[in-house]
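Enquirer: Residue numbers (the working numbering), protein chains in the order written: chain A, 1015 to 1097; chain B, -11 to 141.
What the hints contain is simulated information worked out from the structure, not anything from laboratory work.
No experiment lies behind these values; they were computed from the predicted model shown.
Wrong hints could be hidden among the right ones.
[Unchecked claim] Now the in silico label distances, taken between C-beta atoms and shown as ranges:
hint: 1; chain 1: B; residue 1: Phe93; chain 2: A; residue 2: His1078; range: 31 to 39 Å
hint: 2; chain 1: A; residue 1: Arg1026; chain 2: B; residue 2: Phe(-10); range: 31 to 39 Å
hint: 3; chain 1: A; residue 1: Ala1031; chain 2: B; residue 2: Thr23; range: 27 to 35 Å
[To be verified] Chain A side only, calculated, beta carbon under 8 Å to chain B, not exhaustive:
hint: 4; residue: Trp1022
hint: 5; residue: Glu1073
hint: 6; residue: Ala1083
hint: 7; residue: Gly1084
hint: 8; residue: Pro1093
All C-beta atoms in this analysis are idealised placements derived from N, C-alpha and C, irrespective of residue type, glycine included.
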Amino acid sequence: MRVLYFAWLRERLNRSADEFELPETVQTVGDLLAWIGEKDEAAALAFEDPRLIRAACDEELVDHSAPIAGVTTVALFPPMTGG
Amino acid sequence: MFVRLQSDPFDPGDETNAFLDAHPETGALVTFTGTVRSTPDRPVETLTLEHYPALAQKQITRFAEQAIARFALTDIGVIHRFGSLKRGEVIVMVLAIAPHRQAAFDGANYVMDWLKTDAPFWKQETGPEGTNWVTAKAEDDAARHKWEDQNGW
Chain A
1015 MRVLYFAWLR ERLNRSADEF ELPETVQTVG DLLAWIGEKD EAAALAFEDP RLIRAACDEE
1075 LVDHSAPIAG VTTVALFPPM TGG
Chain B
-11 MFVRLQSDPF DPGDETNAFL DAHPETGALV TFTGTVRSTP DRPVETLTLE HYPALAQKQI
49 TRFAEQAIAR FALTDIGVIH RFGSLKRGEV IVMVLAIAPH RQAAFDGANY VMDWLKTDAP
109 FWKQETGPEG TNWVTAKAED DAARHKWEDQ NGW
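Make the full structure from the sequences, and use the hints.
Expert: Given below as C-alpha cells:
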C-alpha cells in the first residue's frame, strides 16, 4: 500500500510517501495510523492528536474507522485550508 | 462547467468576460475572487499552496456539480491556484451563472464554503517572522455545515 503525506505531516515525517506491506491486523485508517506510529517516532508525534489527521482512501475522504482492505493509496494530511 | 487547478496567474476580468460571452442567455453572474491577504498586524510576503492534485480536482468538481443541481445554475467555473503566490495575488475564483441573482450568489457561496474545508489544499505563510502553516478555522467548518443542515444536502 502507498501512503502519502501532505503539508506539515510531510515535513514532520521528512518524506512525502511510504510503501508498506501491512499485517492483517491493520484493518482501518485508525489502525494504520497506530501501526505507522509504532514503527516511527516522528510519526507517533505527528499523529499524537488524531483529530488533526484527515485521510483519503483512493481519493475519497474517509474517517478513521474506514476499512483499508483493497485500498491502493491512503493519503494522510492536516485539516484542509483551501480557498 | 470547468474546474482548473493551475500555478500560473490569471486575470479575473478576462475570466469574467469569457464566461459571460459563453452564456449570452443568462440573467445573473456572481463571481468571487480570493487574494493573498496581508494586514499590518499579520504581514504576509508569500503564500505557498500545497495540494493533492487528483483529489482536489475530484472534490471541486463534486462541489461544482452539487451547486448546479442544488441551485439550478446555468453553469459554474472554478479556478484554484497552487504554488508560491505573493501578497495581493489572486488565489481562487468562482463564477456562478444562473437565471436569477439569488441562485448565482448561493451557488458561488456554496462552492467556496465547501472548498475551504474539503478541498485538499494547505497554505504556508511567509512573513517577517518566518514561515508557518495556516491552521483550519472553526468558522469555516461552521459555514460549510450550514449547507448540510438544509434539506439533507
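Enquirer: It remains to establish, for every hint, whether it holds in the given structure.
Expert: Cross-check of the supplied hints:
no.: 1; hint: B:Phe93 to A:His1078: 31 to 39 Å; in the structure: 36 Å, holds
no.: 2; hint: A:Arg1026 to B:Phe(-10): 31 to 39 Å; in the structure: 36 Å, holds
no.: 3; hint: A:Ala1031 to B:Thr23: 27 to 35 Å; in the structure: 32 Å, holds
no.: 4; hint: Trp1022; in the structure: 5 Å, holds
no.: 5; hint: Glu1073; in the structure: 5 Å, holds
no.: 6; hint: Ala1083; in the structure: 20 Å, violated
no.: 7; hint: Gly1084; in the structure: 18 Å, violated
no.: 8; hint: Pro1093; in the structure: 4 Å, holds
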